[in-house]
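Colleague: Please arrange chain B on chain A, whose structure you already have, making use of the hints.
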Amino acid sequence: MKYLVSAAALLVLLGCTATKPVSLYQTYTDYSNQMNAENVEQLAPAYFSSNLLPQSFSDTSVTQQLLFKNMMAKPSQHQELVTGNIGCLAVLGRDNEQQPLQFNLAYRVENDSWLIDQVHVVFLEQSIELQPITNCTELFPG
Amino acid sequence: MDVKRAELKVTIAKLVELAYSTDNDLTVKLMAKSGSTKLTIDQNGKATLSGAAGNLTFSGSPALEQIGANIKRVSISFTRGSDNNVKYTATFSLEIISMSVSGEFDIEALILSCSGLLCRAASAMKGRNQALEHQYQQIMGN
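Note that the protein sequences, when read in sequence, are chains A and B.
Residues in the first sequence are numbered from 1 upward in steps of one, following UniProt numbering.
Residues in the second sequence are numbered from 1 upward in steps of one, following UniProt numbering.
Okay, chain A solo, but in the shape it has when bound:
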């Protein structure tokens, strides 16, 4: 009985410390709401993987790229796929000129956080309906 209780307690603890189920769209929304030109250097490590973080934040073109979310005036749809410790998110919306725009983002777990590992912006020629993602590689150019 003691062993059963200990095993149950261990399972509960493991459940608490394992990476929780995540909504990648929620992490994107957090990034979109929290990061701005004033805090980009401070907050970038909380949203972007070490692969993407620049060596220096002194180049405004680079910091503007970290604020790519400013290109989309309003998101309207999203689809995401998570497989283990990697995932991807497609966000569809309109740009600041009301033209259709899509963000394709790759995510990976780093230090127990889901971080953006790749960003691909697609200027769409016409409005589309986002389909469920079956394979993350389809979102990025080969």
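Simulated from the structure, these hints should not be mistaken for laboratory data.
Just so it is clear, the structure is predicted and the values come from calculations on it, not from any experiment.
Each hint should be verified, as a subset may be incorrect.
[Said to hold, decoys possible] Here are the simulated lysine-lysine pairs, DSS-like style, with alpha carbons at most 30 Å apart:
#1 Lys-46/B / Lys-33/B
#2 Lys-87/B / Lys-69/A
#3 Lys-87/B / Lys-74/A
#4 Lys-74/A / Lys-4/B
#5 Lys-72/B / Lys-74/A
#6 Lys-69/A / Lys-72/B
#7 Lys-46/B / Lys-87/B
#8 Lys-87/B / Lys-29/B
#9 Lys-4/B / Lys-69/A
#10 Lys-46/B / Lys-72/B
#11 Lys-87/B / Lys-38/B
#12 Lys-4/B / Lys-38/B
[As the list claims (entries may be wrong)] Derived Cβ-Cβ restraints for the label pairs, each shown as a range:
#13 Pro-132/A / Thr-48/B: 45 to 53 Å
#14 Ser-82/B / Thr-83/A: 26 to 34 Å
#15 Ala-109/B / Val-22/A: 22 to 30 Å
#16 Gln-130/B / Thr-134/A: 43 to 51 Å
#17 Ala-32/B / Pro-45/A: 28 to 36 Å
#18 Asp-23/B / Val-22/A: 51 to 59 Å
#19 Glu-129/A / Gly-54/B: 35 to 43 Å
#20 Phe-57/A / Asp-83/B: 29 to 37 Å
#21 Leu-130/A / Lys-38/B: 23 to 31 Å
From the three backbone atoms N, C-alpha and C, an ideal C-beta is built for every residue, glycine too.
Modeller: Frame of chain A, contents of chain B only:
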């Protein structure tokens, strides 16, 4: 990010113009032939236009330098059907993000604008020529 879709499309037209000014015969053969043609630019600005008619190399830097961002790589696929219409999909890779834009243009209109007086005069001038930019924008769409 300040880079607009129209700016990327005009850049594609300028790259075709640079190819044309390097070797107009080969550019016309590559772009005018039905099927696929590819234009790639590496991190040093070296551009290669390749297709069934052969390969043409030139510097793409004069066109890329006019974009308000540091472009590391470019890959453009052109597909020409049986008429003068050429479809393209272009991917521009920056330090952090990549961007794709698609569209179509009339190859005859673009080649004529590249060979016309306006283009030759603009090529002799330093800096951007607003009239030519506007003409390219009309040909490449917005």
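Colleague: Indicate, hint by hint, whether the structure satisfies it.
Modeller: Each hint tested on the structure:
no. : hint                              : result
1   : Lys-46/B / Lys-33/B               : 23 Å, holds
2   : Lys-87/B / Lys-69/A               : 28 Å, holds
3   : Lys-87/B / Lys-74/A               : 28 Å, holds
4   : Lys-74/A / Lys-4/B                : 17 Å, holds
5   : Lys-72/B / Lys-74/A               : 29 Å, holds
6   : Lys-69/A / Lys-72/B               : 21 Å, holds
7   : Lys-46/B / Lys-87/B               : 23 Å, holds
8   : Lys-87/B / Lys-29/B               : 16 Å, holds
9   : Lys-4/B / Lys-69/A                : 14 Å, holds
10  : Lys-46/B / Lys-72/B               : 11 Å, holds
11  : Lys-87/B / Lys-38/B               : 12 Å, holds
12  : Lys-4/B / Lys-38/B                : 23 Å, holds
13  : Pro-132/A / Thr-48/B: 45 to 53 Å  : 37 Å, violated
14  : Ser-82/B / Thr-83/A: 26 to 34 Å   : 43 Å, violated
15  : Ala-109/B / Val-22/A: 22 to 30 Å  : 49 Å, violated
16  : Gln-130/B / Thr-134/A: 43 to 51 Å : 46 Å, holds
17  : Ala-32/B / Pro-45/A: 28 to 36 Å   : 50 Å, violated
18  : Asp-23/B / Val-22/A: 51 to 59 Å   : 53 Å, holds
19  : Glu-129/A / Gly-54/B: 35 to 43 Å  : 41 Å, holds
20  : Phe-57/A / Asp-83/B: 29 to 37 Å   : 49 Å, violated
21  : Leu-130/A / Lys-38/B: 23 to 31 Å  : 28 Å, holds
Violated hints for the displayed structure, listed by number in ascending order: 13, 14, 15, 17 and 20.
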